[in-house]
Amino acid sequence: MTVDTLRLLLPEIILLLTGLVVIIIDLITMRRVNDTVLAGVSIAGMLLAALAAFSLRGIPPEPVTAMLAVDGFATFLMVAVLLGMSLVVLYSYDYMKQYGKNRGEYYAFLLAVALAIVLAVGANDLLMVWLAMEFLSITSYILVSYLRGNPRSSEGALKYFLYGAVASSVMLYGISLIYGATGSTSLNGIAQIVSGQGAIEGARALGFTAIVLLIVGFGFKTSLVPFHQWAPDTYEGAPTPITGFLSTASKAAGFALMIRTLIVALPSLSVDWLTVLAGISMITILFGNLVALRQSNIKRLLAYSSIAQAGYILMGLVCVPQVGFQILPFSDFQFNGINGVLIYLFGYIFTNLGAFAVVIAIENRTGKVEVKDYAGLIYRSPWLASLLLIFLLSLTGIPPTLGFWGKYFVFGAAIQIQFYPLALVGLIGAAIGAGYYLNIVRYMFLMPADDDEKIGVSRAISVALAVTGVAVILLGLLPSALITWATESAQFLASL
Amino acid sequence: MVPLSWYLIVAAALFCIGLYGALSRRNAVAVLMGIELILNAININLIAFNRYITPEEVSGQVFSIFVLAVAAAEAAVGLALIIGIYRTRDSVNLEELDLLKG
Chain A
20 MTVDTLRLLL
30 PEIILLLTGL
40 VVIIIDLITM
50 RRVNDTVLAG
60 VSIAGMLLAA
70 LAAFSLRGIP
80 PEPVTAMLAV
90 DGFATFLMVA
100 VLLGMSLVVL
110 YSYDYMKQYG
120 KNRGEYYAFL
130 LAVALAIVLA
140 VGANDLLMVW
150 LAMEFLSITS
160 YILVSYLRGN
170 PRSSEGALKY
180 FLYGAVASSV
190 MLYGISLIYG
200 ATGSTSLNGI
210 AQIVSGQGAI
220 EGARALGFTA
230 IVLLIVGFGF
240 KTSLVPFHQW
250 APDTYEGAPT
260 PITGFLSTAS
270 KAAGFALMIR
280 TLIVALPSLS
290 VDWLTVLAGI
300 SMITILFGNL
310 VALRQSNIKR
320 LLAYSSIAQA
330 GYILMGLVCV
340 PQVGFQILPF
350 SDFQFNGING
360 VLIYLFGYIF
370 TNLGAFAVVI
380 AIENRTGKVE
390 VKDYAGLIYR
400 SPWLASLLLI
410 FLLSLTGIPP
420 TLGFWGKYFV
430 FGAAIQIQFY
440 PLALVGLIGA
450 AIGAGYYLNI
460 VRYMFLMPAD
470 DDEKIGVSRA
480 ISVALAVTGV
490 AVILLGLLPS
500 ALITWATESA
510 QFLASL
Chain B
37 MVPLSWYLIV
47 AAALFCIGLY
57 GALSRRNAVA
67 VLMGIELILN
77 AININLIAFN
87 RYITPEEVSG
97 QVFSIFVLAV
107 AAAEAAVGLA
117 LIIGIYRTRD
127 SVNLEELDLL
137 KG
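So the protein sequences, as listed, match chains A and B.
The opening residue of the first sequence carries number 20 in this note's numbering; numbering runs sequentially from there.
The opening residue of the second sequence carries number 37 in this note's numbering; numbering runs sequentially from there.
Pulled out of the complex, with its shape left as it was, chain A reads as follows (with noise of 0.2 Å):
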């Protein structure tokens, strides 16, 4: 440990640092301290964090500590995470003022989610795995049940911390399983062990017992089918700026441990992983997608349309290029599925919080949140129906927004490795999607509005709206810089 590995781990540092400074200005102000001041502190943090992260992208890939990375796929999700976290924070601003009590804590426990995501995708070790995802899991039960006395609050916050807390028992005894069968529970040995000559069929065996039951624990916190089922209760009772949270960055984190995990570990059996993921993909795309046409209240639509999202985050993984029981290099190919996971993440972060910040500002000034209730939107407020548009174009696909370009990749990577039927079903349900994100559209450009009140914009509402909207369609229209970090970064993966 020098002076040179806390550099290394300077993200992780400031937001801890920020999150005990937030803890203490609320305690020595006894509670009456600003919002702005509470919130300010936050973003700076975080976006401090970012920077650092960014600073650290062309390092090479050494393991910091035995237990974390930091590498070019550490640091590319670490931006992509902290500059979702602070919009998370400006959504809070307004959101929690309205409806929320102990406001301090719930920025101190923004810091701790971004922290705890920060460790996640850089966990280079099966114990780490699993303290990042059980640090995220305990501080977002927190979070979604933060409307004391809310009824539909705590009701999410209970079945997400269920479904939550037995998903992830069983994560850990696959864990305690591939201890058993290697010996090791860092990545990079178990790898090692797996792959070496001597590897038996026993541990194969029990290698694919574990694959399962880690698939599990991911796939609960990516959303998955069948691990979907507390998503959409979670999502409709959580506080809306939280619910933005869970569908993107909790997601993020749960994709890069999946990513980490079964390749760099578990390359070697990547014929056992890719088969059970592809057909959860397939499953996940169609189901997200036609469960999603028939939802009334947008934030369950947006669940069941994250939980199809997530279907395609999915492919890009399902169609990294492999032959027999090795990962051929990524540097071969120019669409490797994991830069595809990269790209499509980054863009569908920016995207769903953009939709989620146009839910959130209509919700905050008129307390609705059903489709009917959008009906006329572009006459009351026109600059929040084009936004949503875009949004809602970029979550389709549809060029030129940077939605578009993260399907291109996946739908790319299953293409050059020849997997059509995915490809297929791929289309199929961006179809279906179409379809209900459209009827939205037809909702607040076609229907006459029942209410002619004008909807005002709050300040850091207009900001977040400001950042997403350009984000989505300055990177749509121009990708490159984009497409080479993640390019590069999903690299440094594979040559571990």
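Read the hints as simulated data drawn from the structure, not as lab findings.
Heads up, a few of these hints could be off.
What the hints assert, rightly or not - A short list of chain B residues far from chain A (calculated; beta carbon distances all over 10 Å):
hint: 1; residue: W42
hint: 2; residue: I45
hint: 3; residue: V46
hint: 4; residue: L75
hint: 5; residue: E110
Said to hold, decoys possible - DSBU-like cross-link-like pairs, simulated, lysine-lysine; straight-line CA separation at most 35 Å:
hint: 6; chain 1: A; residue 1: K120; chain 2: A; residue 2: K391
hint: 7; chain 1: A; residue 1: K116; chain 2: B; residue 2: K137
hint: 8; chain 1: A; residue 1: K116; chain 2: A; residue 2: K391
hint: 9; chain 1: A; residue 1: K473; chain 2: A; residue 2: K120
hint: 10; chain 1: A; residue 1: K120; chain 2: B; residue 2: K137
hint: 11; chain 1: A; residue 1: K473; chain 2: A; residue 2: K116
hint: 12; chain 1: A; residue 1: K120; chain 2: A; residue 2: K387
hint: 13; chain 1: A; residue 1: K391; chain 2: A; residue 2: K473
hint: 14; chain 1: A; residue 1: K116; chain 2: A; residue 2: K387
hint: 15; chain 1: A; residue 1: K391; chain 2: B; residue 2: K137
hint: 16; chain 1: B; residue 1: K137; chain 2: A; residue 2: K473
hint: 17; chain 1: A; residue 1: K387; chain 2: B; residue 2: K137
hint: 18; chain 1: A; residue 1: K473; chain 2: A; residue 2: K387
Backbone N, C-alpha and C define an ideal beta-carbon position, used for all residues, glycine too.
Starting from the known structure of chain A, fit chain B onto it as the hints suggest.
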């Protein structure tokens, strides 16, 4: 010495009982108890593997201490959530938690 497989059989049985309890009980506290059984099964696994596979290291034992600590934190949050539900709804029966559905 007792062979390793005996420990693994006990752990697997405990895991199955815990999972069955967690999935079939309708009382939130009983579900929590099922989860605790699963975690105990994991601890038996970790410590047995540590003793038989890598006796020169202590990584499995350290892991099991982490499991104990995190399980306590998780149970604390879980019980707080259950008490929160009980205060607003006067029940911890999961079948009656039906405000959110569709």
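Hint by hint, here is what the structure shows:
1. W42: holds, 14 Å
2. I45: Its Cβ never comes within 10 Å of chain A, the nearest being 13 Å, so this holds.
3. V46: holds, 13 Å
4. L75: Violated, because the least Cβ-Cβ distance between B:L75 and chain A comes to about 6 Å, which does not exceed 10 Å.
5. E110: violated, 6 Å
6. A:K120 x A:K391: holds, 30 Å
7. A:K116 x B:K137: Distance of about 28 Å is within 35 Å: holds.
8. A:K116 x A:K391: holds, 26 Å
9. A:K473 x A:K120: The hint holds at about 29 Å.
10. A:K120 x B:K137: Judged against 35 Å, a Cα distance of about 26 Å means the pair holds.
11. A:K473 x A:K116: Holds - the C-alpha atoms of A:K116 and A:K473 are around 22 Å apart, at most 35 Å.
12. A:K120 x A:K387: holds, 21 Å
13. A:K391 x A:K473: holds, 17 Å
14. A:K116 x A:K387: holds, 17 Å
15. A:K391 x B:K137: holds, 19 Å
16. B:K137 x A:K473: Measuring from Cα to Cα gives roughly 32 Å; hence the hint holds.
17. A:K387 x B:K137: Cα-Cα ~18 Å, so holds.
18. A:K473 x A:K387: holds, 14 Å
The structure shown violates the earlier hints numbered 4, 5.
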